[in-house]
Amino acid sequence: MNKITIGVIIGNRDFFPDKLVSEARVDILKVLKEQGFNAILLGENDTKLGGVETYQDARKCADLFIKHKADIAGVLVVLPNFGDERGVADTLHLADLKVPVLIQGYPDELNKLNVANRRDSWCGKISVCNNLYQYGIKYTITTKHVVHPTDPSFIEDLMKFASVCRVVKGMKNVRIGAIGARPTAFNTVRYSEKILQKNGISVVTCDLSEILGNANKLSNTDQRVKDHLEKIHNYASSGKTPAEAMFQIAKLDVVLNDFMQANNLDANAIQCWTSLQQNYGCNVCTSSSMFSEGMIPSACEVDVTGTLSMYALQLASGSPSALVDWNNNYADDDDKCVLFHCGNWAKSFLPDIEISNAPILGTTVGVENTYGALDGRTPASPLTFGRITTDDTKGVMKAYVGDGQLTDDELKTFGNRAVAKIPNLQGLMQHVCKNGFEHHVVMNASQTAAALKEAFENYMGWEVYHHVG
Numbered sequence: 039m040n041k042i043t044i045g046v047i048i049g050n051r052d053f054f055p056d057k058l059v060s061e062a063r064v065d066i067l068k069v070l071k072e073q074g075f076n077a078i079l080l081g082e083n084d085t086k087l088g089g090v091e092t093y094q095d096a097r098k099c100a101d102l103f104i105k106h107k108a109d110i111a112g113v114l115v116v117l118p119n120f121g122d123e124r125g126v127a128d129t130l131h132l133a134d135l136k137v138p139v140l141i142q143g144y145p146d147e148l149n150k151l152n153v154a155n156r157r158d159s160w161c162g163k164i165s166v167c168n169n170l171y172q173y174g175i176k177y178t179i180t181t182k183h184v185v186h187p188t189d190p191s192f193i194e195d196l197m198k199f200a201s202v203c204r205v206v207k208g209m210k211n212v213r214i215g216a217i218g219a220r221p222t223a224f225n226t227v228r229y230s231e232k233i234l235q236k237n238g239i240s241v242v243t244c245d246l247s248e249i250l251g252n253a254n255k256l257s258n259t260d261q262r263v264k265d266h267l268e269k270i271h272n273y274a275s276s277g278k279t280p281a282e283a284m285f286q287i288a289k290l291d292v293v294l295n296d297f298m299q300a301n302n303l304d305a306n307a308i309q310c311w312t313s314l315q316q317n318y319g320c321n322v323c324t325s326s327s328m329f330s331e332g333m334i335p336s337a338c339e340v341d342v343t344g345t346l347s348m349y350a351l352q353l354a355s356g357s358p359s360a361l362v363d364w365n366n367n368y369a370d371d372d373d374k375c376v377l378f379h380c381g382n383w384a385k386s387f388l389p390d391i392e393i394s395n396a397p398i399l400g401t402t403v404g405v406e407n408t409y410g411a412l413d414g415r416t417p418a419s420p421l422t423f424g425r426i427t428t429d430d431t432k433g434v435m436k437a438y439v440g441d442g443q444l445t446d447d448e449l450k451t452f453g454n455r456a457v458a459k460i461p462n463l464q465g466l467m468q469h470v471c472k473n474g475f476e477h478h479v480v481m482n483a484s485q486t487a488a489a490l491k492e493a494f495e496n497y498m499g500w501e502v503y504h505h506v507g
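Residue numbers (our numbering): 39 to 507.
Some clues are possibly wrong.
[Claimed, not checked] Pairs of lysine-lysine, DSSO-like flavour, derived with a Cα cap of 27 angstroms: (1) Lys176 - Lys105; (2) Lys374 - Lys436; (3) Lys41 - Lys98; (4) Lys176 - Lys264; (5) Lys198 - Lys436; (6) Lys207 - Lys68.
Think of the hints as simulated: they come from the structure by calculation, not from any bench.
Working from the sequences, and respecting the hints, build out all of it.
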């Protein structure tokens with residue numbers, strides 16, 4: 039995972055001990071380095087001890103942040119003492135970075151409440167937050183009102199903040215390829231391009247006939263086809279998939295990669311059911327899985343907001359996501375269900391991955407036309423689930439997120455499959471159904487729902503339901 043670069047503002051107020059600012063600088067730089075962050079902050083000689091107090095200090099710090107605007111994903115405000123709320127607010131206002139901001143204040147010690155040592159950060163943090171609220175600057179607060187940077191709860195807050203920063207920065211200019219038309223039978227995946235664009239998310243469309251036409255022009259002896267075929271064989275066992283079907287899959291993979299690179303796309307959603315099988319003769323699942331494993335989310339059934347959801351969860355965790363169906367109850371356990379798809383999940387979810395066919399789809403288009411689907415069972419792991427959608431009647435973006443667990447419970451079936459345990463699953467399903475969400479959801483092997491909620495709701499202004507059981 040790439041390092042996160044954050045700007046650091048160390049607040050100060052002149053009638054508090056100067057040593058507190060110097061000590062905080064050492065503390066915070068050590069913690070940030072240990073946790074893998076890059077830091078941008080004033081030098082100790084740029085202002086008094088590198089702190090921010092006056093308007094002139096704020097101007098200097100803002101200029102520094104503007105110089106590094108392309109790199110800074112978030113800002114950490116450190117309050118070793120009461121701090122000057124105007125200095126902090128002016129810095130953020132002048133820099134106008136529009137990135138997440140985390141406010142930390144130091145705790146006082148009961149035996150050091152004398153003039154030489156007292157901090158008053160408890161009070162100062164409230165003043166800083168009040169000013170940011172007045173300025174209309176969005177911010178995040180730590181779990182504990184005041185907390186030392188070495189406290190485990192602050193480290194946890196900091197890592198959550200990193201996830202928030204990655205999501206907010208990554209979602210600003212997402213480019214998604216919509217390859218083919220939405221399958222007629224899937225009204226559930228309809229969405230608004232205009233609402234997405236208003237939120238900085240671009241959709242690049244391509245007719246499926248262009249992809250299939252270009253794939254059909256390739257021969258089995260084409261070097262690029264051979265190269266992609268080797269890549270596919272190295273990715274997953276071909277099982278009982280016929281050699282000719284493997285060539286078809288490889289040709290499709292060549293053309294899809296060309297389209298993604300030509301348009302500088304971050305994710306894609308591909309028409310599958312059932313045009314691809316009827317007009318070309320294989321499934322696209324293998325290519326989709328390879329894209330997703332390579333951190334380029336790929337969804338089926340032209341589920342554009344589904345692949346956007348995959349991208350968001352990937353940003354939060356730094357690991358691949360998978361598009362799944364909320365598919366079956368698990369016996370009579372009200373808090374468990376079966377997650378399923380023909381088979382486009384990233385390899386990270388499938389230790390027993392094998393290229394296969396799609397038996398259900400094969401009943402209508404012929405099993406011989408469905409090779410390229412994947413077979414595999416996802417083992418027990420942490421689970422974050424989520425879904426972003428456009429609510430076209432309201433003209434807004436909305437989402438739901440939550441955490442649970444994937445389990446090793448017995449499951450005898452085919453395709454890509456998993457068992458999920460989610461507290462108050464029945465309540466979650468009521469929310470999904472009552473609020474018009476899709477039958478597709480995204481899973482990620484993490485526990486990042488809180489960070490996603492903070493990013494979506496606080497910084498992006500979306501409607502968010504955080505399911506906590």
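- Hint consistency between Lys176 and Lys105 [alpha-carbon to alpha-carbon, up to 27 angstroms]: 21 angstroms, holds
Would the pair Lys198 and Lys436 pass a check requiring their Cα atoms to be no farther apart than 27 angstroms?
-> Cα-Cα ~21 angstroms, so holds.
Between Lys207 and Lys68, is the straight-line Cα distance small enough, at 27 angstroms or below? Since the Cα atoms of Lys207 and Lys68 sit roughly 25 angstroms apart, the hinted pair holds (cutoff 27 angstroms).
Take the C-alpha atoms of Lys41 and Lys98, compute the straight-line distance between them, and say whether it is at most 27 angstroms.
25 angstroms, holds
Next on the checklist: Holds or violated: Lys176 and Lys264, Cα atoms, limit 27 angstroms.
Outcome noted: Judged against 27 angstroms, a Cα distance of about 51 angstroms means the pair is violated.
**OP:** Below or equal to 27 angstroms on CA atoms is what counts here, so check Lys374 against Lys436.
**Re:** Holds. Lys374 to Lys436 sits at ~25 angstroms (cutoff 27 angstroms).
The structure shown violates just one earlier hint, number 4.
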